[in-house]
Structures are given as structure tokens and as C-alpha cells.
Amino acid sequence: MNKFKITSDIIEIETNKSIGRGKAIGARALFEGIVRNSNEGQEVIKLEYECYESLAIKEGNLILDEATKQYALNDAFCVHRIGSLEIGETAVIVITASKHRDEAFRACRYIIDEVKIRVPIWKKEHYIDGESGWLKGAG
Amino acid sequence: MNKFKITSDIIEIETNKSIGRGKAIGARALFEGIVRNSNEGQEVIKLEYECYESLAIKEGNLILDEATKQYALNDAFCVHRIGSLEIGETAVIVITASKHRDEAFRACRYIIDEVKIRVPIWKKEHYIDGESGWLKGAG
Amino acid sequence: MADLLKIQVIYFAKIRELTGLTQETFIIKKGFTPSNVLGLIEEKHCIVLGVNFKIAINDEFSDWDFELRNGDNLVFIPPVTGG
Amino acid sequence: MADLLKIQVIYFAKIRELTGLTQETFIIKKGFTPSNVLGLIEEKHCIVLGVNFKIAINDEFSDWDFELRNGDNLVFIPPVTGG
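Protein chains in written order, with this note's numbering: chain A, 1 to 139; chain B, 1 to 139; chain C, 1 to 83; chain D, 1 to 83.
Be a bit skeptical, because a hint or two may be false.
[Stated by the list, open to error] Not everything, but these chain B residues come out facing chain C in the computed CB check (under 10 angstroms): (1) K46; (2) H80; (3) R118; (4) Y127.
It is worth saying that the hints were derived from the structure and are not from the lab. Keep in mind that this is a model prediction, so the values were computed, not measured. Glycine included, every Cβ here is placed at the ideal spot set by N, Cα and C.
This is chain A alone, in the form it adopts within the complex (with noise of 0.2 angstroms):
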């Protein structure tokens, strides 16, 4: 079951909508991280993100069966993007399905949270002053 993906496509709510179905499901969670204009005062024009697949796959999917256990969720995905994007555009979706809603906004927090300190993709960020440069990381 592999339900960490990395896309170069543009991802879009619609194409994932049949995840987190099923009758005994009362409870669907979605987080969306969408491209911002700045970023610690400096205005951003664009995103770059490069990613080290094999791992990030495998690191995604095991993130998202330890919330599946941890959580009693019927449902877990995570798709992240990478390469070029703009404002406004969605760089990554979790989506957790459980039976009640504590489970599902839990989950989902903790699958986003856990992929942005454990799944190796990193972020260049270019500002309006022609410069650019790879983030830091909390590490």
C-alpha cells in the first residue's frame, strides 16, 4: 500500500476526493501547504523543490502507517510536489479518514508535521531581487 506519492504534476483537491471513503468513516482531515508570497521578510516570486525520491517514498509511507496505527485511521495519503512552483500553488496534501473527528485532525497534524522534519525534499525559494537560495531547515 503506497500512499505517500511525489508528483511533478499539479496537485488539485478533485483528483483525490475518493480518498478517505468508506461507510464507517465520519471524519475526513485535509491540509493543504499552498506557495506564499514571503517568507521571513523577503518577498518570494517562485519555489523549487528537488527531493530524493527513493527515500522520501519510503519515509512517507512509513510516516503515514505510523498515524494509521497510532490514530485507529481508516484512511492515510500524503502527495507532495516538486519542481517548479508558483504562488498560490499547492506544494503538499494530507488526507486522513477515521471514524471520529479527534483522530482524523490529530493524524493529519501529526503526518505533516513528521514530513517536514523526516522526508528528504528540500525547498529553493527565489526572491524578487533576483536572488535565491535553498532553506535552512530546523536541523
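Got chain A sorted already, so can you dock chains B, C and D onto it with the hints?
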């Protein structure tokens, strides 16, 4: 700004995809409450929602305003369906948008939690044995 | 007539089913509160409703001891179960 | 040749830009660790990379003091910034 809506139509995520768009937005959280096939051990075949609409809209918008201030949101939205719903159909959607994910998640949770205790909407469950009942609620 | 008031009570959910009505007009004495009106409803329809309600008057949350005025719209709000 | 090993190093993000390469082959001595290889890279490309990396060997997280084997694929993973 009337961002809290009551509808008797099927709720589709797609029809609400314009919510929470804006160049400064970096995170969008979405919650869906869905009709599931069981509650407290009884098999549910459908649900009916009834609503005191004028007060529901007033109270719903108050909750969205509270969340917007408290979590510095760029956008907040909620739609609740009424009438007869089948298993698997969406009863309520909450969408929040903000600069960072922490605010979007916390606000989304705040809104659905408050809607479920403050907005005058009532759920009647129809069970497989032909019985039905108004749920008692937390009060 | 000076100390008689006409109010409208609107019924939802379980109360609507118990009374069999969506709304009902009551002529009440000046000084009557929602608490008094609930007593009238229980008496008239031979039902027991309890006190597990919030009160709304003219689409605003209000109190059990609010003194009703002529033309007021009164709603007894059962514990909500939306979402 | 018995105590020489051939390994592949794959570069991402900032290291890729600093070396100007997506991957590079190194012939190393038996007993060499990722830590030793990082030293070779810094020397060869005249760059300073620091130690703020995680290590992956053959697509598994590993350690700085892991003893490399012939044919291993080694990645120095900068702090991730996805999402």
C-alpha cells in the same frame, strides 16, 4: 461577510475550492464531517438534520469571526447540510486559511468543536431496525 | 387586554414532534417568562419537556427569566447535535 | 585492490549546487566511513560542507561511522525543508 452557510444540496469540496485563496496564504485546513453507518452500537441507515436557520447562521458566523480573530486567519468558511442524508454524504465542511499551518489547524478544530455545541442544528438517526431518534447531545 | 401579550413559539426537533406543530401562538399575562410558557406548553399538550433547553427570543439567545413582550418569538433550543 | 572499494555518492540540493554534480564515484579504502568520504568531497571540490547532514546508504538512513562496503550508494541529506 456571511461565511457560514446552511444548504440542503449535496456538499462537494470542489464547489468550495475558491475558499482560502490568496498570495499570503501558506496553509489551508479542511474538515469534513460525514454520515457514518453506526452510532453507539446501532446501525444507521440515514440521517435527518433540522435547523433553526436564522439563529444558526448568526451563531455560525460569530464562531467564524471568533476563530478569524483568535488565530489571525486569512479566511474561514463553514457549510452545514440539512434535510435527509445518506451514509457517506458530507454533513459539514470547515475550511480555514492562514499564513502558517498551526493557526489553520487550530482554528479549523475550534470552529467544528464550537459549531457542534453552539449552532442550533439537530440530528435524527434512522436505524436498520426501523426505529429512529433525535440524538441527545452533550447538553 | 392591557396586561395580556401575544407571543409566538416556534418548535424544532423533538418538541416539534411531541407537539405535532411547527409553531403556536400563546396569549400570556404580562410578567410571564419562557419558564412560564414551557409550563403552558406541557399542560396544553400533556407532555413533559424538562428544562434541558437554551432560550432564544427574536433570534437572540436569552434567559429563562426574561420578561416576555408582546410580539416576541420564543424558541426552546434542545441540546444541539449538528456536525 | 583487495582493500579498495568503489562507492557512489549522490548529491541533492545545496551539495549538488556546490559540487556541480548529481553524483560522483569514489574509490576509498576499506574501513572508510561517510565521515571520511565527506572529507574527500570537501577536499576534492574545495568546499566546506559542515556536518549538518543525515546519512543514507542504499536508501536507508544510516550513521556517520558506518563502515562502507563495495558498491554502496551514499547520500548526505541536508536538513529537509519540504511541505
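Hinted contact K46 of chain B with chain C - closest CB pair below 10 angstroms: violated (15 angstroms)
Restraint check, 10 angstroms cut-off on beta carbons, for Y127 of chain B near chain C: violated (15 angstroms)
Given hint H80 of chain B near chain C, where the shortest CB pair must fall under 10 angstroms: holds (6 angstroms)
Satisfaction of the R118 of chain B interface hint, Cβ to chain C closer than 10 angstroms: Holds - the Cβ of R118 of chain B comes within 10 angstroms of chain C, reaching about 7 angstroms at its closest.
Hint compliance for this structure: hints 1, 4 are not met, and every other hint is.
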